[in-house]
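Chains as they are written, first to last, in the numbering used here: chain A, 13 to 380; chain B, 262 to 788.
Hints may be right or wrong, so weigh each one.
[Unchecked claim] Here are the simulated EDC-like pairs of lysine to aspartate or glutamate, each with C-alpha atoms no more than 16 Å apart in a straight line:
hint, chain 1, residue 1, chain 2, residue 2
1, A, K366, B, E729
2, A, K29, B, D293
3, B, K305, B, D464
4, A, K366, B, D464
5, B, K412, B, E375
6, B, K474, B, D742
7, A, K239, B, D543
8, B, K390, B, D408
What the hints contain is simulated information worked out from the structure, not anything from laboratory work.
Because the structure is a prediction, the values reported are computed rather than measured.
For reference, the chains in residue letters:
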Amino acid sequence: MKNKKIKTHEPLFHISKRTDISRSKAIIIRVISLLAALVVCGIVTKIFTGDDPISIFKTIYLGAFGTGRTLVTIHEIAILLCVSLAVTPAFKMRFWNTGAEGQVLISCLSTAMCMFYLGGKVSDGVLILLMAVFAIAAGIIWAVIPAFFKAHWGTNETLFTLMMNYVAIQLIEFFLKIADKSGSNVVGPDLLTHGWFPKLFGTNYLLNIFIVAVITVLLYIYLNYSKHGYEISVVGESENTAKYIGINVKKVIIRTMALSGAICGVAGLLLVGGASHSIDSNLADGRGFTAIMVSWLAKFNPSTMILTSLLIVFLERGADEVSSKFGLNADFADILTGIILFFIIGCEFFINYKININHRKTNIKEEK
Amino acid sequence: MSPCVFSVNFNTGGTLILNALELKNVTKRFGDVVANNNINLTVKSGEILAILGENGSGKTTLMNMIAGIYFPDEGSIYVNGKPVTISSPKDAFNLKIGMIHQHFKLVDLFTATENIVLGINDKHKFNIKDAEKRVAEISAKYGFDIDPKKKIYDMSVSEKQTVEIVKVLYRGADILILDEPTAVLTPQETEKLFTVIKKMKEDGKSIIIITHKMHEVLSVSDRVAILRRGEYIDTVVTAETNEAQLTEMMVGKKISLNISRSEPKNSVDRLIVKNLNLTNADGVKVLDNISFTAKSGEILGVAGIAGSGQKELLESIAGLINSSKGEVTYIDPSNNSKIDLRKKTPMQIRELGVRLSFVPEDRLGMGLVGNMDIIDNMMLRSYKNGHSLFLDKKPPKKLADKIIKELEVVTPSATTPVRRLSGGNVQKVLVGREISSAPTVLMAAYPVRGLDINSSYTIYNLLNKQKENGVAIIFVGEDLDVLLELCDRILVISSGAVSGIVDGRTAKKEEIGLLMTKAKGAKENEE
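With the sequences and hints as input, model every part of the structure.
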């Protein structure tokens with residue numbers, strides 16, 4: 013016999029899918045991953061900046077919920093939540109709508125144009141109504157165009173919606189050139205003087221927050237209890253099943269995207285009419301993309317989305333504060349946000365899969 | 262230097278026989294499910310061992326561990342007496358073990374030879390001519406019928422299977438595992454395959470064949486190993502056993518293998534299909550002038566090789582695809598009026614009062630939504646009822662509870678996603694929903710595929726009951742024995758055309774087998 017060792021390399025561990033995980037266990041995993049994220053953030057901060065991690069975390073918190081900031085932060089959450097709600101019906105239908113950014117922007121533009129051209133010519137009440145109609149109509153048009161092409165000719169909705177974003181940006185740039193002859197890249201409150209949303213209880217933003225809260229409730233009911241919501245789920249889960257029971261898939265795609273666009277329209281309206289009273293091509297600030305993450309993290313549940321949008325806004329605002337207060341590059345804030353999101357999304361793996369380590373000893377004798 | 266003695270088998274005569282393959286106490290778990298529990302299995306060299314067991318009994322999992330696709334949680338494997346670790350298909354290949362999977366793994370655009378040599382990494386300079394020569398040699402040696410230069414997309418299912426087998430032999434395999442090789446073959450092709458398998462055995466190869474068809478086990482194997490629900494039951498010598506004994510070991514209890522068949526009563530025409538034609542997106546004619554009549558109180562079987570147009574036929578009738586030409590006429594039992602079903606969606610068909618139910622082949626991908634619970638799946642057919650914008654979940658909840666109770670669906674609750682149920686229970690949910698609407702026409706495509714014997718009989722009984730209620734049933738099946746026992750008439754289709762309609766009570770299996778391949782020869786001549 014040859015003097016040769018038999019290969020007994022065995023995999024050290026193997027991964028298996030969990031069939032069921034208790035709610036409490038899933039929460040524990042999420043909390044642990046969040047803590048781990050903070051620890052890594054602390055280490056990274058220490059290494060690269062030498063600053064004390066604890067004071068950095070404190071700054072993050074104060075950045076979001078410090079004096080005078082809470083309302084602004086809640087409003088930010090509301091706007092992000094609104095866009096997230098908008099993309100949700102489409103994503104539940106597995107329609108990869110990457111065009112929420114453009115749908116919001118084109119609605120911002122419609123709102124601003126109403127304010128610019130009609131401001132002072134009609135009463136403010138009528139103006140706000142017109143702003144709403146045009147904003148929602150613009151959102152719907154921007155969303156339905158790719159949906160129509162997808163439904164009838166099977167075009168790729170991801171690319172189509174993405175390209176629509178750039179069209180919206182260019183249209184805004186064009187408007188800016190016409191509206192403000194000085195060449196500024198923003199048309200501000202000095203030009204958009206009419207059509208501002210009324211203050212609720214003497215406070216800014218409260219009306220916006222209230223409107224988004226109503227939309228959240230309505231969308232929750234629509235997705236879970238209406239026949240339309242059921243059709244969206246069936247089309248999203250299996251287009252073949254939808255065809256089998258006779259759902260008109262084309263109609264559902266177009267109808268659902270129209271709804272998505274309409275809610276984006278509301279977001280645009282709130283941004284311009286209810287908050288900034290200005291317009292520039294950066295007004296949506298990437299929310300159309302962040303919203304995709306918010307929606308997926310919440311597994312398309314509107315009530316969970318309140319939490320996920322809170323998390324994202326909290327991180328963004330906190331990180332902004334850190335980079336300015338400690339005199340760091342603005343990108344450093346993004347690094348911290350990235351680390352935390354990595355852990356939060358990564359922990360889903362441990363919720364869905366189990367890692368089994370092979371404890372057994374090899375019972376195979378070596379041959380000599 | 263002492264050689265290890267693990268695999269030497271002292272049989273009763275006291276002579277030493279070296280086992281080609283031996284499994285000892287092999288266990289494999291998937292989560293909480295034990296797919297294989299403490300399995301012991303011996304394959305002697307130069308024998309044909311059949312692995313018999315129902316769907317879900319763990320046959321394929323066990324074979325996948327030998328082929329290096331899964332790694333056992335416990336236990337050890339010996340090849341030719343030596344303990345081995347098989348942690349990848351490459352390890353299996355080095356040990357001269359080859360597996361022919363149920364679903365072929367071939368590149369459509371490549372030729373037979375290109376597929377066969379794909380992935381071989383030896384030091385020699387590669388020469389396709391030499392490879393083709395060797396493929397031809399192997400084919401000649403074992404009696405395969407294969408053209409080394411033919412592209413895969415031009416091949417029939419049986420030719421593709423041949424390529425898979427040659428691929429394994431080309432790599433010098435001594436132990437061949439065939440996973441349900443006859444599932445896709447006609448009776449004639451099966452015979453041919455068995456001849457080849459026997460030739461390989463004479464050449465000293467060890468062959469493991471997975472199947473759940475009893476007559477095949479009896480006709481081809483030397484010994485039979487039986488698995489039941491992941492447990493190893495026994496290995497018996499084929500010559501010393503019989504069908505009844507094997508079935509009992511496989512199912513765990515004595516069961517009668519007869520399907521009852523009543524005489525059709527008051528049969529009248531219910532669904533008339535005339536000259537139905539369909540061309541698919543690639544311009545291939547998938548339905549070729551199909552005409553037949555389905556009668557009330559009768560089961561009409563549809564036989565044919567997989568992919569001969571069965572799916573398209575049922576989907577055309579159900580309104581899922583628009584056939585290019587032809588007529589589909591439904592005769593309303595209440596007033597004998599004729600209703601044209603062509604160019605109508607399933608929803609429109611239902612709105613016309615046509616009670617047409619359809620159990621599609623793809624249960625979780627078409628008939629049901631896997632991620633939805635039983636209640637929501639019940640709602641698929643009825644959610645539009647009423648004028649409210651909102652869903653009424655009470656009737657589907659009631660229906661779900663009723664089906665769970667009456668059909669004995671094993672499920673934790675009515676709110677369990679259906680994908681978590683076993684195959685048999687999924688099918689009960691689907692069939693239950695489809696017959697709950699009191700259909701007058703019931704179409705079922707492969708309704709017992711993947712089901713264990715008990716569940717299969719539940720489905721046969723349900724179909725028979727519907728037949729007694731006067732429903733016209735169209736049953737697309739793959740097991741000819743079942744079709745011959747269950748159906749009143751059998752429509753045979755071949756390459757999308759009707760090649761014959763035979764009487765289920767008098768027809769012979771071979772006759773149907775010939776009809777299944779009949780029109781195909783004519784087609785090839787055209788090319």
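Hints, one by one, checked against the model:
{"no.": "1", "hint": "A:K366 <-> B:E729", "result": "violated (50 Å)"}
{"no.": "2", "hint": "A:K29 <-> B:D293", "result": "holds (10 Å)"}
{"no.": "3", "hint": "B:K305 <-> B:D464", "result": "holds (14 Å)"}
{"no.": "4", "hint": "A:K366 <-> B:D464", "result": "violated (45 Å)"}
{"no.": "5", "hint": "B:K412 <-> B:E375", "result": "holds (9 Å)"}
{"no.": "6", "hint": "B:K474 <-> B:D742", "result": "holds (10 Å)"}
{"no.": "7", "hint": "A:K239 <-> B:D543", "result": "violated (36 Å)"}
{"no.": "8", "hint": "B:K390 <-> B:D408", "result": "holds (13 Å)"}
Checked against the numbered hints above, the structure violates hints 1, 4 and 7; every other hint is satisfied.
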